[in-house]
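Peer 1: Here is what each chain is made of, one letter per residue.
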Amino acid sequence: MVRSALRSALGAGFLMAAMASASAQVLEIGADASPTGLDPHLITAFPSFMVVNGNIYEGLTAIDKDLKIVPALAESWTVSADGKTYTFKLRANVKFHDGSAMEAEDVVASIKRVQSKDIASPLASRLSAVESASAVDPQTVELKLKEPSAALLSSLATIAIVPSAMEANKDALQKAPVGTGPFKFQEWQPNGFILLTKNEAYWDKGLPKLSGLKFNIVPESATRQVGLSNGQYALLPNIDAATALQLKGKPNVKLAETMDLAYMLIGMNVSKPPFDNPKVREAVNYAINRQEIVDAALFGAGVPGGPLSPALKSWALDVKQFACYKPDPAKAQALLKEAGVATPVAVTLKVLPRQDVKDIAQVVQEQLNKAGFKVELVNQEQGQFIQDWRNSNFDMFASINAGQPDPDEYFYRTFRTGGSTNVFKYSDAELDGLLDQARTLQDQAARKAAYDKVQQKLACSGPVAHLTYGTLFSAMNSKLQGYDVMPNRSLMLLRNASY
Amino acid sequence: MNRVLLARLIDLIVVLFGVSIIVFLMIRLIPGDAVAIMLGANTEITPERMAELNRRVGLDRPIVEQYLLWAGAALRGDFGTSLWTGRPVSTEIILHLWPTLELTFLALLIGAVLAVPVGCLMAQTRGGAADVAMRVTAIAGLTIPSFWLGIVLILLLSAWAPGFASLGYVPFSEDPVGNLQRMLLPAVALALPILANLSRLVRSAMLDALGQDYIRTARAKGLAERTVVYKHALRNALIPFLTSVGIMTGYLLGGAIVVEQVFAIPGLGRLILGAIAERNYPLIQATILVVTAGFVVVNFLVDFLYIVVDPRVRA
Amino acid sequence: MSRLAKNKLLTFAIALVAIQLILAIGAPLFAPYDPMAQSVARRLRAPSALNWFGTDQLGRDVLTRILYGYRTSLIACLLAVGIALVAGGALGLVAAYYCGWLDRIIMRVMDVLFAFPVMLLAIGIIAVLGPHTYSAAAAIAVVYTPIFARLLRGPALVLCESEYVAGAKAIGASDARIIFLHILPNLASVILVQTSLLLSAAILVEASLSFLGLGTQPPTPSLGLMLSEGRNFLMLSPWSAVFAGFAILFLSFGFNLLGDALRDTLDPRLRGQP
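Protein chains in written order, with our numbering: chain E, 701 to 1199; chain P, 5 to 319; chain R, 647 to 920.
For the record, the hints were derived by calculation from the structure and aren't laboratory data. It cannot be assumed that every hint is accurate.
Okay, derived cross-link-like pairs now, SDA-like style, lysine to any residue, Cα gap no bigger than 25 Å in a straight line [unchecked claim]:
id, chain 1, residue 1, chain 2, residue 2
1, E, K954, E, K979
2, E, K1070, R, R689
3, E, K1013, E, A1102
4, E, K870, P, S94
5, E, K765, E, L1193
6, R, K654, P, Q128
7, E, K948, R, R691
8, E, K817, P, D64
9, E, K846, E, A872
10, E, K1074, R, R691
11, E, K909, E, P919
My request is simple: use the sequences and hints to build the entire structure.
Peer 2: Encoded structure:
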């Protein structure tokens, strides 16, 4: 009796599942990891970013899929002649998900919140140029800068606007975000799913087309793949090449791809031997065979990468211009000899615990060991890795970094003496001069010239060996229409999608 | 009987006390500055943040006071708030408890229900090649890594019956059918070693019972073979069966941690693995304490049942 | 079961374990390749004459890595169970021999350790020590110590009270002498059986921990880690994960069967039963 009851129960289950998928408007997304929180000013990791960015929250500006700056909550803006005053005209009739109107004071509060020492937002450095923010009238915001900042508009796209009541609140938004975006937060079952529903009052009329987004947290890659193939999930965002390869050609599955802004890197600590010697760093670059890494770890889906992503077409230099990008283990050995270090050079390489980074680290280890190094891999938990990274407690580390649409956002804090993420302790007066100058330049050609020099300088003997930029894949059900993927891994264009 | 029970109850309290001390010390044994390490993964480290976290975790007081405060709060079911989400730890644990309990229960049910006929079958084919084959199969079932079996099952099912494999989790109260449909596969993956273990137990209990005088007497009285075996032997098998169910619960919890990961079930295993990744030590501490206490209490209850079932222990 | 069938089973179990031990010890001799040698061109290949078990995601030979993986697993588990045996055994014997309050204290502490579900305590210990093969081994050792302590205390208690030991005490034998010469040898069969069964379980625990990323770390070849890495490529090339899974199964199976067969052969209480 039990058995027959079970069988009919299973039968009914099929039926219900079938009916549900026929009428489904909520997009079922298979996400690989659980967000640790949803406060847009505190989160740093991809799993959180993916849920909130552009879906729940918006900034004054936004980045489109070609990485161009477009208006978002600000309808338009003007810049003073000296480049130190920005005036934003806000969009009318924008409401937060709690029903209150989004006005200038909310924008001011959001900027102050990010800058607040008490909130300790990791985004604070992006607003380091902003001296003050003030509400001229409910629809107008004025930002005064300490010095001109060419990257400001791009940075503002990452600063979510939250209700002014949240200015001093550290906890509430982590659990229950309140934004202006096309989807509003509905439910979070920890380690289970996060459900967002359509914001009926969204300012862009007609959007979103879906009635909701459900981020199912499914840590196992094989399980996500099965879920997509059998129609349970309609979208696997930002998957790696190996997963894409496995899903290619499956019935009802289509793949979208774009060049990733994020890049794999090897960081070197220049505050102690052996990497205090630029020749040793150059040797690392000669020893590394980037194409081989692309082939091995990225299954050919990617390109050898310099300091800037090839996705930044208007900035990035062709890597053929960098001499050290032609792999040459013999030259690496010679450089080590010139540097006067004892070979093999014994160093440790700390590895961020992600499968793709672990794979790449193993390839790099093998390559370096063939060219006069003796690399020991140190695999750590996430927390330990980040702590060692922050405290500059490493010889070398292997990691993946989210890229930025504007060169200043990456270069300044990473390579400027005393920069907020200059964990390598790199310091070069000439480079500092270039970076200081380039961020204040208004003229695009002059800025480009400055950043060309920066790239040339960093490519072979900088503290970072930039390895690869992968092709970023998203796999989706073929019924999902109108969805464009973004190079910065944001899912903000889901507002245009229909299913 | 009361005295035996009382002695066991005192044991239980002593063990729970010891468990709480070990779990409490765990966070103090972390090499380096625990607070800096906890913060390390998530936010900028500032002296203010460190002081605040120190206060929140209570690391700024003398150690005995820390323990008393912590244990006192824990007894009231208060484990503080999760470091990063601000949700109460007890809420997090309760949210994640049900899927694990259900998974464990289903696996135990499947294993136990199937173990009786399989074990009887094994007992009846004793001796010879069939017996050896069954035994070897049972041991193989015992030593299959359940996470590996889980992945293989998912892949095979998706290849053969694409519509069948539903993944993730829905609470039983919301959608009983969907719930069972999703829990069946992970429960089966987890149940195999239980089945192997329990069926061997049933087998030996049956063989034991068949050799007893009273069974021979019963047979001699002319009762049918089937009645003899089931009525008398199974009752005897019940006691070792219950004991190993207690022990199995521990195994199941461990297996569930890995199987949950494979089948995307938001249970305690996922909670604790996530907590490790984000260095949420208070959460790890509380989860280990609660689960272990539950495990200890289950074993106590099993002992209690044992006393009730087996009159000999009462004496 | 007949004596003969029993002996056959035991012989089979011993052979199964011995073969795997020899493969592990002789890995450098038997392995066709360097376990770390990568080859991008030959990545994720199916089994062939060149690579009998295929290659993994970095083009390393799966057979080679399994042989070395046996080593890692066996070293970790032998170490863990060995430590548990020595520590737990010593505590159990001491507790039994000296009885009284020392016994009570030791056994209460053992009860506490035994109260933890194995995986949970292991995860807790690794949270403190950081993920590593030896952390996993330490965790397993701690968890198994009370099992040996309990195992040896019971029979030792009986032996202590026996006339046999009383006789030895009477002729003035030292405590250590009594423990090592009179008590321990009588418990050898129990120890052997339990060690074998726990090794089987330890292999599964170590594999589970490595699978979760909490045990052995790359590039060290480990069976659990191979399964863990290989599972990301299951639909492209299941070979690495499948063979690693079978290796774990055979290893754990071998020890379990050995323990089982040993129990049948050595345990006088069971001897002669149907």
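Peer 1: Each hint: holds or not?
Peer 2: Against the structure, the hints come out as follows:
The suggested pairing of E:K954 with E:K979 is violated, with an alpha-carbon distance near 46 Å, which exceeds 25 Å. Between E:K1070 and R:R689 the CA atoms are separated by roughly 20 Å; this keeps the pair inside 25 Å, and the hint holds. Among the hinted pairs, E:K1013 with E:A1102 is consistent with the structure: their alpha-carbon atoms are about 17 Å apart, no more than 25 Å. For the given pair, E:K870 sits about 21 Å from P:S94 by alpha-carbon distance, which is consistent with the 25 Å threshold.
At roughly 9 Å between alpha-carbon atoms, E:K765 and E:L1193 fall within 25 Å of each other, so this suggested pair holds. Taking the CA atoms of R:K654 and P:Q128, the gap is near 21 Å; set against the 25 Å cutoff, the hint holds. Of the supplied pair hints, the one linking E:K948 and R:R691 holds, its CA atoms being roughly 18 Å apart against a limit of 25 Å. A threshold of 25 Å between alpha carbons decides the hint, and for E:K817 with P:D64 the separation of about 23 Å falls inside it, so the pair holds.
For the proposed pair E:K846 and E:A872, the alpha carbon gap of about 32 Å is over 25 Å, so the pair is violated. A threshold of 25 Å between alpha carbons decides the hint, and for E:K1074 with R:R691 the separation of about 29 Å lies outside it, so the pair is violated. Under the criterion of a C-alpha separation no larger than 25 Å, the hint pairing E:K909 with E:P919 is inconsistent with the structure, at around 28 Å.
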